[in-house]
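*Asks:* Please build the complete structure, drawing on both the sequences and the hints.
Number of protein chains: 2
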Amino acid sequence: MPLISYIQDLEPAITPEGAERRVLAFGGSLMAVEFRFEAGVKAPMHKHPHEQIGYVVEGELDFLMEGKDPVRLKKGDSYYVPSETMHGVIIYSKTTLLDCFSPLRQDFLS
Amino acid sequence: MPLISYIQDLEPAITPEGAERRVLAFGGSLMAVEFRFEAGVKAPMHKHPHEQIGYVVEGELDFLMEGKDPVRLKKGDSYYVPSETMHGVIIYSKTTLLDCFSPLRQDFLS
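Protein chains in written order, with my numbering: chain A, 5 to 114; chain B, 5 to 114.
FYI, nobody ran anything at the bench for these hints, they're computed from the structure. These figures come from a predicted structure and were not determined experimentally. Don't take each hint at face value.
[Said to hold, decoys possible] Here are the simulated lysine to aspartate or glutamate pairs, EDC-like style, with alpha carbons at most 16 Å apart:
#1 K79(A) with E62(B)
#2 K79(B) with E64(A)
#3 K46(B) with E21(B)
#4 K79(A) with E64(A)
#5 K98(A) with D73(A)
#6 K78(B) with E64(B)
*Replies:* Spelled out as structure tokens, the structure:
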């Protein structure tokens, strides 16, 4: 299990929407994952048992979550997604998101 | 409890080392905290029961952790700190770190 990792060394996975997904670091009950999106990408509404907290490293997007109005996010903004809560994004410009999950996304490690 | 928060609206706390600390978002067992450091700051070795995972939004630093050699980190690098593990930083240029903690840092909310 890596204690410190470097995205420069990692080959990304490509999501069904065409985003690049890199698992950066993980351990115990925490995992950090970087997503890179091109403008125009939409990540459809989805949910998972993991809690998620995200940070906009760069870019501009609408963040969608069930029970909430869409919110326009930009560099430096953040969001929290409770367990089993539907959420998605609409990307307006080249965007990098840093998402932390708890517990680990084992589906990202296989 | 905010589901989505905006750092633009938040007054930072100032740490003993002079870093700006902003709690960005939290819920359940996750919290995202942004730290901004000026060049030359050193955060002394410390530990806490919370697991921590961090991401270098910008800047350059040495990341120190007990049992590991110091590692030079820069934009896009990340690190994982197990519970109760001593760690610290030496900042070389103006740096922004995004740290996620589990469970919540209640000491950052008081």
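*Asks:* Now tell me if each hint is right for this structure.
*Replies:* For each hint, the structure was consulted:
{"no.": "1", "hint": "K79(A) with E62(B)", "in the structure": "holds, 12 Å"}
{"no.": "2", "hint": "K79(B) with E64(A)", "in the structure": "violated, 19 Å"}
{"no.": "3", "hint": "K46(B) with E21(B)", "in the structure": "holds, 7 Å"}
{"no.": "4", "hint": "K79(A) with E64(A)", "in the structure": "holds, 7 Å"}
{"no.": "5", "hint": "K98(A) with D73(A)", "in the structure": "violated, 23 Å"}
{"no.": "6", "hint": "K78(B) with E64(B)", "in the structure": "holds, 5 Å"}
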